[in-house]
Structures are given as C-alpha cells and as structure tokens.
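Peer 1: Go ahead and model the full structure; you've got the sequences and the hints to work with.
This is what each chain is made of:
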Amino acid sequence: MKQNPIPEPKEELMVQCNAETPFSNVDRAFHADILRR
Amino acid sequence: MTARDFGLEQLCPKLRTMPYILTSPKDPRYNCVAFAVGDVTQFWYDVSINGYYWPPSARSADTIEGWVDVFEIHGFRQTDDRSLETEYEKIAIYASADGPEHVARQKASGMWISKAGKGRDLEHELEALEGNFYGKVVKIMKRKCQGGRRVLE
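Residue numbers (our numbering), protein chains in the order written: chain W, 1 to 37; chain R, 1001 to 1153.
It should be emphasised that the hints constitute simulated quantities derived from the structure, not laboratory data.
Computed from a predicted structure; not experimentally measured.
Even glycine gets a Cβ: it sits at the ideal position worked out from N, Cα and C.
Please note that a few of the clues may not be correct.
Stated by the list, open to error - Reference excerpt, derived from the structure (chain R facing chain W, CB under 7 Å, subset only):
#  : residue
1  : L1008
2  : Q1010
3  : P1013
4  : N1031
5  : C1032
6  : E1101
7  : H1102
8  : A1116
9  : G1117
10 : K1118
11 : G1119
Peer 2: Shown next, in the form of structure tokens:
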C-alpha cells in the first residue's frame, strides 16, 4: 500500500516572516505546524 | 543558512533576547525526539507511516510517559538536576497542558541543542524555548557517559 510522504515545509512562506511583523493567526498556525514536534 | 529563524522567534519570543545558533538547514525527515537520541533519518512519532518510528514498547507519543519510555530505552533516568555534570549526558522534555511538546539534549559545553519540528536544529539556552508554544521543562533525564565518553556530542 502506498504510504503518505512526510510533507515538505513551504519555503517560500517561511522566508516572508520577519521579526518585526507580528503573525496573523494563519501565519501562526502555519509556522506552528512546521515547528511543533 | 540564515543566522535567525524569525518564525521560531515569533513562537518562542525569548529567542529574541537570548543567544541561539542555527546548526542545520530545515529537514522534515526527523524531529526533536529523533534528534535527541541521535537519529536524523526518521520522524519519531507513533503512526504507521513510512518515515515515522516509535519504539514498540513505549507508551503513546502524545504522553510524557511515552517520551520518558523512549529515553529510558536509551539509558536515561530521571533527575531533578539540569546543571552540567560532565560525566552525564542529559535531555530535557518540554510540555504544555496538551502534553509533551519538545525535547533538547545538553552538549558537553553546557548549552542545549534541539530540532524544531520539521525545521532546523539549533543550539540554545534551556529556558529560551520555554513559553506558550513548547511549554516549560517538566522532565530532566540523564545517562552516564560510557568510559568517560558521550554517546552524542
């Protein structure tokens, strides 16, 4: 049976983040998904 | 490699004022638990999908007890001492009200190093990752160096 691959981080969205711009809820959810255990 | 991970800083704001060093590129193949035991080829979580691994004898990956099981399998025992003891390797488990969130291992220098989910490895102060995202350190475990040598640097 074919298994689901582990998803790749979306690099293009990662680089838009910077220290001065607070996260929107969508941004927070996206980064949390990448960075949580 | 960039010197800062702004996404991680937003989620762990103490990183804005405490020193940290990014030590790897992003890699989705392994996570913090895998990194803490020295495996950078699998994502340690208990789902039956290729690329994921969880020791069969360990309890659920969603529980602190399950994480403790993993590290006990690797020779670690619980302690309350988070200081550097040169004859021991140590790991620290972070948890929130939802359960275990992150784990870091202590380097011979006394700094801690960990893998942020599917993101990067980073060297950091233990307290620098505490907060709303990873929770706080709830368990410290240690294992004695073998013949004076650490299994992992």
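Peer 1: Check the structure against each numbered hint from earlier and tell me which ones fail, lowest number first.
Peer 2: Going through the list in order, the structure violates hint 3 alone and respects the others.
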